[in-house]
Amino acid sequence: DVKVTQSSRYLVKRTGEKVFLECVQDMDHENMFWYRQDPGLGLRLIYFSYDVKMKEKGDIPEGYSVSREKKERFSLILESASTNQTSMYLCASSSGGRTGELFFGEGSRLTVL
Amino acid sequence: AQSVAQPEDQVNVAEGNPLTVKCTYSVSGNPYLFWYVQYPNRGLQFLLKYITGDNLVKGSYGFEAEFNKSQTSFHLKKPSALVSDSALYFCAVPHPGYSSASKIIFGSGTRLSIRP
Numbered sequence: 008d009v010k011v012t013q014s015s016r017y018l019v020k021r022t023g024e025k026v027f028l029e030c031v032q033d034m035d036h037e038n039m040f041w042y043r044q045d046p047g048l049g050l051r052l053i054y055f056s057y058d059v060k061m062k063e064k065g066d067i068p069e070g071y072s073v074s075r076e077k078k079e080r081f082s083l084i085l086e087s088a089s090t091n092q093t094s095m096y097l098c099a100s101s102s103g104g105r106t107g108e109l110f111f112g113e114g115s116r117l118t119v120l
Numbered sequence: 168a169q170s171v172a173q174p175e176d177q178v179n180v181a182e183g184n185p186l187t188v189k190c191t192y193s194v195s196g197n198p199y200l201f202w203y204v205q206y207p208n209r210g211l212q213f214l215l216k217y218i219t220g221d222n223l224v225k226g227s228y229g230f231e232a233e234f235n236k237s238q239t240s241f242h243l244k245k246p247s248a249l250v251s252d253s254a255l256y257f258c259a260v261p262h263p264g265y266s267s268a269s270k271i272i273f274g275s276g277t278r279l280s281i282r283p
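Protein chains in written order, with our numbering: chain A, 8 to 120; chain B, 168 to 283.
Bound-form chain B, shown alone (with noise of 0.2 Å):
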């Protein structure tokens, strides 16, 4: 079955200390990930998207996520943890038997709390 893990619930940073929020995937054949940032009583933003290529990804507020073909895994980082980062982030991968983005799977998230 197809499926992305999020194996953390909450991750806890200071700020200014860099950060990691994992993710790991089970797809058949080529995955397309992307990670997406909620901020309370908001929607989901898109941050970033692995397609193909380079297998670190540069995305929007500093983020950027390596992908692991070998660990299966793509990773969400920062350098250096602001307050305002502290958000729910969720990791994704649409489902590879249907031609359009119809069927997303999501992980469950991990709210990520910065502390000053």
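Chain A with its partners taken away, still in its complex shape (with noise of 0.2 Å):
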């Protein structure tokens, strides 16, 4: 069975803080994706990975970056956690294409206090 694995599904972090959160995926997908989800805001594209060291900002990169060393494993980090980055955050994977569809983690539920 494909899978998509997000290291934490809850986190309580303090602002300021560092936040790191880790998705690996066993498919050999290209392609890595870092989307946060917040109601009435649906889901919104933080930053994405098409091969390994490579990364493109989406469309809320602000106050996020991201790391790819290896193929399997797409990070996302928060510098310096902000209380307006609480939010759900949901990793996925695709092998390249249009027509590929996204495999999903369970999703990194992080509250910044």
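I should point out that these hints are in silico values taken from the structure, not numbers from a laboratory.
A hint or two may mislead.
As the list claims (entries may be wrong) - With a cut-off of at most 25 Å between alpha-carbon atoms, the simulated DSS-like pairs for lysine-lysine come out as follows:
(1) B:Lys-270 to A:Lys-64
(2) B:Lys-189 to A:Lys-64
(3) A:Lys-10 to B:Lys-189
(4) B:Lys-270 to A:Lys-60
(5) A:Lys-77 to B:Lys-216
(6) A:Lys-10 to B:Lys-236
(7) B:Lys-270 to A:Lys-78
(8) B:Lys-236 to B:Lys-189
(9) A:Lys-62 to B:Lys-189
Unchecked claim - A partial selection of chain B residues facing chain A, derived with a Cβ cut-off under 10 Å:
(10) Lys-189
(11) Phe-201
(12) Tyr-203
(13) Asn-208
(14) Arg-209
(15) Leu-211
(16) Phe-213
(17) Ile-218
(18) Gly-220
(19) Lys-244
(20) Phe-257
(21) Ile-271
(22) Phe-273
(23) Gly-274
(24) Ser-275
All values derive from a computational prediction rather than experimental measurement.
Glycine included, each C-beta is placed from N, C-alpha and C at the ideal position.
Work from the hints to combine the two standalone chains into their complex.
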């Protein structure tokens, strides 16, 4: 069974802390994505990566960075967490091409106090 | 601008009745269209997609969707709803300006509630 695994389902952090969200996929997919999901705003793309060490900004990259050192792993980093980054974070992967569906992880619910 | 719209925030259906979740799109060229479902506190799961060919697409859990080019719609349907179908449903389309699936445009989501 194909799988995208997010390291933490629930996290509580304090304002100013550095936060790492890890995502691993076992499908040898080229593309990986980080979205955040907020009520009333739907899914918004933060960053995506189409190859190892390659990344591109999505719609809302401010306050975030990413790292992809290995094909299977895509990390989202909040350098200095703020309360407005409290959200559900979803990682996804896909095999290249516009016809390929996304495979999502279970999500990481981050609360910043 | 490329977009998808889900005009209903919430759809309520009695168990056993047919259900429809609506999606319309505005995409240049031939669209590729997707439906995803999100159960409570879970990530999204792929349900079905339209790429080309038959306008009626069958997917997981008994769902199907009909592509209608003249109405620019891709409504999700099921002949007989189950309580377990209660979830959040997203219509999505890849941005045609990208060669990979890197820019996916999601609708705002429709919450489907099936009452026993």
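Hint by hint, work out which the structure violates, then give me just those numbers in ascending order.
2, 3, 5, 6, 9, 10, 18, 19
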